[in-house]
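*Asks:* Build the full structure now, drawing on both the sequences and the hints.
Here is what each chain is made of, one letter per residue.
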Amino acid sequence: MRWVVKFESLKMEINTPALEVHNLTASYNRKPVLWDIDFQLPQGQLIGIVGPNGSGKTTLLKSIMGLMEPDSGYVNLFGKKLDDVRERVSYVPQRESVDWDFPASVFEVVQMGRYRKSNLFRRMSTVDREITTRSLEKVNMLEYARRQISQLSGGQQQRVFIARSLAQQADIYLMDEPFVGVDAATEESILALLTEMKEQGKTVVIVHHDLQTAYEYFDWIVLLNTRLVAAGPKDEVFTSDLLQEAYGGRLTVLSRIGDLIAKKDFPLRESAFKEKEGRGDG
Amino acid sequence: MEALYIILTAFCIALSCGTLGSFLILRKMAMVGDAISHSVLPGIVIAFLISGSRNNIPMLIGAAVVGVLTTVLIELLHKKARLQEDASIGVTFTWLFAIGVILISAFTGQVDLDQECVLYGEIAYVPLDLIITESGISLGPRALWISGGMALLVLVFVRVGYKALVITTFNPDYAKALGISTLIWHFIFMGLVSLTTVISFESVGAILVVALLIAPPAAAYLLTGQLKKMLFYTSIISLLISVGGYALATWLNGSIAGAMATVAGILFAGAYAIYTLKLKGRGKPSLSKSSS
Amino acid sequence: MDKLLEFLSFQDPNVRVVAFGTIFLGMSAATVGTFAFLRKRSLVGDAVAHAILPGIAIAFMLFQTKNPFVLMSGALVSGWLAMLLIEHLSKSTKLKPDTSIGLVLSVFFGVGILLLTSIQHSGAGNQAGLDQFLFGKAAAMTQNDLLAYGIVALILLITVALFFKEFKLLSFNPAFAEASGLPVKRLQFILSTITVLAISIGIQSVGVVLMAALLITPAATARPWTENLLMMMVLAGLAGGFSGLVGSFISFTAPNMPTGPWIVMCLSFLALFSLFLAPKKGILARIQQQRQNRKKILSENLLKAFYHLRENNPETDTFSNLQLLRKRHFSQSEYQTALSRLRRNFYIMPKGEKWQLSEKGYEEAKRVVRLHRLWEMYLTERMRLKADHIHPNAETIEHIITPEIEAQLLRELDYPETDPHQSPIPYPRN
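Protein chains in written order, with this note's numbering: chain E, 1 to 282; chain Y, 1 to 292; chain R, 1 to 430.
It is worth saying that the hints were derived from the structure and are not from the lab. Quantities reported herein were computed from a predicted structural model and do not represent experimental measurements. Virtual Cβ for every residue (Gly too), placed ideally from N, Cα, C. There could be a bad hint or two in this list.
As the list claims (entries may be wrong) - In silico DSS-like links for lysine-lysine, alpha-carbon gap of 30 Å or less:
#1 Lys81/E <-> Lys91/R
#2 Lys31/E <-> Lys366/R
#3 Lys263/E <-> Lys295/R
#4 Lys117/E <-> Lys228/Y
#5 Lys185/R <-> Lys79/Y
#6 Lys280/R <-> Lys31/E
#7 Lys117/E <-> Lys280/Y
#8 Lys228/Y <-> Lys263/E
#9 Lys28/Y <-> Lys40/R
#10 Lys79/Y <-> Lys327/R
#11 Lys264/E <-> Lys327/R
#12 Lys79/Y <-> Lys81/E
#13 Lys263/E <-> Lys304/R
#14 Lys263/E <-> Lys40/R
#15 Lys31/E <-> Lys296/R
#16 Lys79/Y <-> Lys280/R
#17 Lys327/R <-> Lys366/R
#18 Lys386/R <-> Lys81/E
#19 Lys386/R <-> Lys234/E
#20 Lys280/Y <-> Lys304/R
#21 Lys264/E <-> Lys91/R
#22 Lys80/Y <-> Lys185/R
#23 Lys386/R <-> Lys31/E
#24 Lys31/E <-> Lys80/Y
#25 Lys28/Y <-> Lys91/R
#26 Lys198/E <-> Lys263/E
#27 Lys80/E <-> Lys176/Y
#28 Lys80/Y <-> Lys40/R
#29 Lys31/E <-> Lys79/Y
#30 Lys198/E <-> Lys80/Y
#31 Lys264/E <-> Lys386/R
#32 Lys264/E <-> Lys360/R
#33 Lys280/Y <-> Lys91/R
#34 Lys264/E <-> Lys185/R
#35 Lys138/E <-> Lys280/Y
#36 Lys176/Y <-> Lys117/E
#37 Lys168/R <-> Lys31/E
Said to hold, decoys possible - Just a sample of chain E residues kept apart from chain Y, beta carbon distances all over 12 Å, derived:
#38 Phe102
#39 Asp176
#40 Lys264
*Replies:* Here it is in C-alpha cells:
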C-alpha cells in the first residue's frame, strides 16, 4: 500500500512541468519587452529559447530566476514557487555579465556553486570540495583549478560558469547564451555534457541566438520575439511559417504601444493600482 | 611615544579603509565611497551639536547613518528623478558637504571643527586626547582605541562575511539566484564604509579618507589576481603608508594625512611600474580584455 | 530688504567685484560643465578640480607669487595631468574608471595638502590666502582678479561659440562624430582644455572641494527642461549665475558665512526644484500624468459599463447606479471620480436618480469597446494568444491606443466584424 502511494506521488512528480510561465509581462526601462508569455516545459529535455536580438530572451530568463520584477504573471518550477525549490534550480548568467578581472581562482568561482544561504558563514566541507573538483573535471577544467580567472579564454570562462552550475547539483539548469565566444571544439564538448545531463533526467534550458544550430541541438524549442511565437517539440516549432513570424521583424503596433506605455508611465495592469488582486497570482 | 601613537592610529585607520576599500573598488563603487566620505560631514556636525563631543559612539553611528542615506539619495535621484548616475553622485555629495560647511560656520562657537580640519584632519593631535582612568593611569589616546576597535570590527566582518562579500561582489545576479540577499549585504557593507569614514574623519579629514580607501587596494589589485593576497598586500601598504607618511610629514613639516596620501600615491606608482613590467614580460594584456 | 537694495544697487565697489565675479565664474563653469555632464564626465570634473591643488602649490613655490595667471598656469598643468592619468589608468590597466578617478582625485589632493601645509608652516610670508583655494575666496576677490578671470571666461565662451556644432556632436554622438570625419582627438583636447580652465577659475568662487557642483549641478538643473543644447546651456548658465549672485548676497549680509557653500546650496535647491517641478520630465509632472492615466482608465471603464448595459437591453439608454455598479466593480471614490469626469465631457447626463448616456457618450463608449475588441483580435491573430488569455491585456491596452494606432490596427486586421469571443466590434456611425 505504501509503495503504491509512493509510486503515485513519484509519477505526479515526473509529470509536473519543469517550468510553467503564466501570462508573464516584463518591462525594461518601463517599456514592455515581453508580452503575456505563457508556456510550459516538460522535465528531462534539452530546451532552447530562441529568437532574434532584443527579443527578450535574457529578460525571460531573469524573470524566471526572480532577478526582475515582472509587471504581471508568474512562474512555477516543478509546480512550486522559486523560493521553495531554489536548491533544485541552477542559473548560468551571461559570460559578459561579470568582470573577469575579479581576483579569484577558477576553483573559488566553481565553489560558489556550493554556497547556500545556510552555509554562508561556515567553511566549505570536504564534500563540497569534492563536488567542486568533480564539476571541474566534467568540463575538463581541473588542470586550470588554481588559475586566475582573468587568464582564461572566453571558452574557458564559459566552462567555469557551467562547472559552477553543475556544482549546484540541481534538477533544472537555466543557461544564458553558453555558446557565445566559444570555439567549435568546446561548443561540441559542452553540448555533449548537456546531453548527458539530460539523459540523467535533468532539464536544461538554454538561451540561444543561433538559429542555424538550434534545430540540431535541442529537443524542444521556445520561439520568442517579445511575444511567444511558439513553444513545443522542435519539429512542431521549426516550421518556415513560425520562423518567419519570429524573425520577420518586430510587430510595429506592439512596439508603438510599448513606446507609449513607457512615455506616459502607463500602468501595465489596471489591477496594479485598482484592486489588490496580488500581482504574483495574475 | 607620541610618534608611535600617531603611527598606530594611522595604521588602524588605513587598515580599516584599505580592507573595505578592496571590496569597494571591486564593486565599482569607489566614487560612492568618495561621496559618502564628504556627505557624512553634516551628520558629524549635527551629532557634535547634540552630544557636544566627537567620540561618543552612538553619535558616531548616527553620523554613519547619514552616509548610508547618501547612497539611498543617490539611488533616488538616479531612479526616481532619472538623473544620470555620475551626476547624481556629484549633486548629492556637494550639496551635503556644503550643508556641513555652512553648519560649521553657523555654529563656530559650539563646534570644535574648522574647515581645515574637515579637509585634512588633525591626526597630529591624537596623542593629546588621552583616556585617563579615575586612578590617574593613562590608557593611551582615545582615537587609537576607537580606530583600533574599528579595525578589529572590519577584520572580523570581512573574515565572517567573506563568502557573502565575494559572491555578491563578483556576481550579484548569481548570488540572488542562490537566495542570498544582495541588498542586505550592500547595506551592511555601506554602513561599515560609512562608519569607517566617520571615525577616520577627525584624524585624516573627508578627502584623504578616500585616498586610504582607494589607493592601497588599487595598488594591491595591480600586484595580484587573488583576493586574499590583495587584502594582505593592502594591509602591508597601509603599514608603509602610516610609517612613511609620518616620516614625510615630519621632514616637510606638513600635514600627516596629506603625506600619507602622497606616500600612497608613490606606492601606487611602484605597483603600476611592476604591473606594466609584468605585462610587457607576458607580451600581451590580460586575455579577458582581448577576448571580450 | 534694505540690505537687498543696498546689495543690488552695486554702489559698493567691493560688492560689485564679488557679485560680478561669482556670477561670471558660475556662468562660465555651467556652460562648459554642460558638456561634461552630457559626456558623463561629471566626476572626472570633480577629480580635476581636486587635482588642481598641487599645481597651484608648486606654482607658488617656484615663483613665490600669487599672480592669478601664474597660479592658473600651475592649475592648468596639474589639471591636465590628472585628466590624462585617469584616462590612461582606466585604459591600460585593469582598474575601472571609478577607481582611477577616485585614486587620482585623492592622491593629487593629498599631495596638494602636504605642499600647502608645508608652505604655511615654513612661514615664508606672502603665503596667506593660498588655503582659500580649498573653499573659495569669492569675498576676497580683487579688481585685478576679476579682470583676469573675466578674460579667461571670455576665452571660454568664445571657444564654445566657435566649436558649438562640433562639441554638440561630440557630446551626443561621439561615434558618429568620429565617422563623419571630425578631428575628434583635437576637439576632445580643446574641450578638455577649456574644462580644466573653467575649473581653475571656478575654484576661486567655491573652492576645489565643491567645484564639481558648479560644473554639474547647473546642467542637472537645466536638463529636465529642454532637449535643445543651446537652451540647456543658457538655462545652466542662468542657474550658475543666479546662484553666484545669491551666494555673494548671503556673505554680504552675513560676513562670517562662506560664499562657496552657499552658492552650492542655492544650486542644489534649484536642481531639486527642477527635478521635481519641470514640466513633462519632473517627478510631479509624472505623478500628475499617472493620475491622469488612472482617471482616464476609470472613466473609460465606466463608459464601457454603460455600453455593455445598453448592448444587453437596447431599448433604453438610462441606467441606475446599482445597475452600473453591478456591471463593474468600482470603489465609492473611484465611481465618483469616473462619474464626474464623464459628466464634465457631456458623455452622460443625470436623469432623476439615473444616468442617461448621451449620443456623444455612446460614440465614445463605442470607441473604447472597439479598441478592446480590436486589440483582442490582434492578440489572437498576431500574437497567437489563446482566447481565454487575452482579456486582461486588452483591459489595459484599450486605454492607451491612439487614433493613429487604431487606424493601423484596422488596416492590419482588415476591419474585422467580431472579436475572438464573437462579440460584434462597434464602428462609428458613418
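*Asks:* Each hint should be assessed against the structure and marked as holding or not.
*Replies:* Cross-check of the supplied hints:
For the given pair, lysine 81/E sits about 44 Å from lysine 91/R by alpha-carbon distance, which is inconsistent with the 30 Å threshold. Straight-line distance between C-alpha atoms of lysine 31/E and lysine 366/R comes to about 28 Å, which keeps the hinted pair within the 30 Å bound. Of the pairs offered as hints, the one joining lysine 263/E and lysine 295/R holds, with about 17 Å between alpha carbons and a cut-off of 30 Å not exceeded. About 22 Å separates the Cα atoms of lysine 117/E and lysine 228/Y, which keeps this hinted pair within 30 Å; it holds.
Proximity of lysine 185/R to lysine 79/Y is assessed by CA-CA distance (about 33 Å); at most 30 Å being required, the pair is judged violated. Using a Cα cut-off of 30 Å, the hinted pair lysine 280/R and lysine 31/E holds, with the two alpha carbons roughly 17 Å apart. Among the hinted pairs, lysine 117/E with lysine 280/Y is inconsistent with the structure: their alpha-carbon atoms are about 43 Å apart, more than 30 Å. As the CA atoms of lysine 228/Y and lysine 263/E are separated by approximately 48 Å, the hinted pair breaks the 30 Å bound.
Simply put, lysine 28/Y and lysine 40/R have alpha-carbon atoms about 16 Å apart, close enough for the 30 Å limit, and the pair holds. For the hint linking lysine 79/Y to lysine 327/R, the alpha-carbon distance of about 39 Å lies beyond 30 Å, and the restraint is violated. Taking the CA atoms of lysine 264/E and lysine 327/R, the gap is near 29 Å; set against the 30 Å cutoff, the hint holds. Taken as a hint, the lysine 79/Y and lysine 81/E pair is honoured in the structure, with Cα atoms around 29 Å apart against an allowance of 30 Å.
Taken as a hint, the lysine 263/E and lysine 304/R pair is honoured in the structure, with Cα atoms around 25 Å apart against an allowance of 30 Å. Between the alpha carbons of lysine 263/E and lysine 40/R the distance comes to roughly 23 Å, so the proposed pair stays at or under 30 Å and holds. A threshold of 30 Å between alpha carbons decides the hint, and for lysine 31/E with lysine 296/R the separation of about 20 Å falls inside it, so the pair holds. Simply put, lysine 79/Y and lysine 280/R have alpha-carbon atoms about 16 Å apart, close enough for the 30 Å limit, and the pair holds.
Our distance criterion of 30 Å between C-alpha atoms is met by lysine 327/R and lysine 366/R, whose separation comes to about 17 Å. Straight-line distance between C-alpha atoms of lysine 386/R and lysine 81/E comes to about 24 Å, which keeps the hinted pair within the 30 Å bound. Between lysine 386/R and lysine 234/E, the direct Cα distance comes to roughly 21 Å. Compliance with the 30 Å bound is thereby established for this hinted pair. The straight-line distance between the Cα atoms of lysine 280/Y and lysine 304/R is roughly 74 Å, outside the 30 Å bound, and the hint therefore fails.
A C-alpha spacing of about 40 Å is found between lysine 264/E and lysine 91/R, which places the hinted pair above 30 Å, so the restraint is violated. Between lysine 80/Y and lysine 185/R the alpha-carbon distance is near 36 Å, which puts this suggested pair outside the 30 Å criterion. Of the pairs offered as hints, the one joining lysine 386/R and lysine 31/E holds, with about 23 Å between alpha carbons and a cut-off of 30 Å not exceeded. Distance restraint check for lysine 31/E and lysine 80/Y: the Cα-Cα separation of roughly 16 Å lies within the 30 Å cut-off, and the hinted pair is therefore satisfied.
With a C-alpha separation of about 15 Å, the suggested pair lysine 28/Y and lysine 91/R falls inside the 30 Å cut-off, and the hint holds. For the given pair, lysine 198/E sits about 44 Å from lysine 263/E by alpha-carbon distance, which is inconsistent with the 30 Å threshold. Under the criterion of a C-alpha separation no larger than 30 Å, the hint pairing lysine 80/E with lysine 176/Y is consistent with the structure, at around 18 Å. Between lysine 80/Y and lysine 40/R, the direct Cα distance comes to roughly 19 Å. Compliance with the 30 Å bound is thereby established for this hinted pair.
A C-alpha spacing of about 15 Å is found between lysine 31/E and lysine 79/Y, which places the hinted pair at or below 30 Å, so the restraint holds. A hinted pair counts as satisfied when its Cα atoms are at most 30 Å apart, and lysine 198/E with lysine 80/Y does not qualify at roughly 45 Å. Of the supplied pair hints, the one linking lysine 264/E and lysine 386/R holds, its CA atoms being roughly 28 Å apart against a limit of 30 Å. Among the hinted pairs, lysine 264/E with lysine 360/R is consistent with the structure: their alpha-carbon atoms are about 26 Å apart, no more than 30 Å.
With a C-alpha separation of about 16 Å, the suggested pair lysine 280/Y and lysine 91/R falls inside the 30 Å cut-off, and the hint holds. The straight-line distance between the Cα atoms of lysine 264/E and lysine 185/R is roughly 40 Å, outside the 30 Å bound, and the hint therefore fails. Proximity of lysine 138/E to lysine 280/Y is assessed by CA-CA distance (about 35 Å); at most 30 Å being required, the pair is judged violated. Using a Cα cut-off of 30 Å, the hinted pair lysine 176/Y and lysine 117/E holds, with the two alpha carbons roughly 10 Å apart.
Distance restraint check for lysine 168/R and lysine 31/E: the Cα-Cα separation of roughly 28 Å lies within the 30 Å cut-off, and the hinted pair is therefore satisfied. With a minimum CB-CB distance of about 5 Å to chain Y, phenylalanine 102/E fails to clear the 12 Å threshold, and the non-interface call is violated. Consistency note on aspartate 176/E: stated as away from chain Y, yet its beta-carbon is not over 12 Å from all of that chain's, at 10 Å minimum. The claim that lysine 264/E is not at the interface with chain Y holds, since no C-beta of that chain comes within 12 Å of its own (minimum 15 Å).
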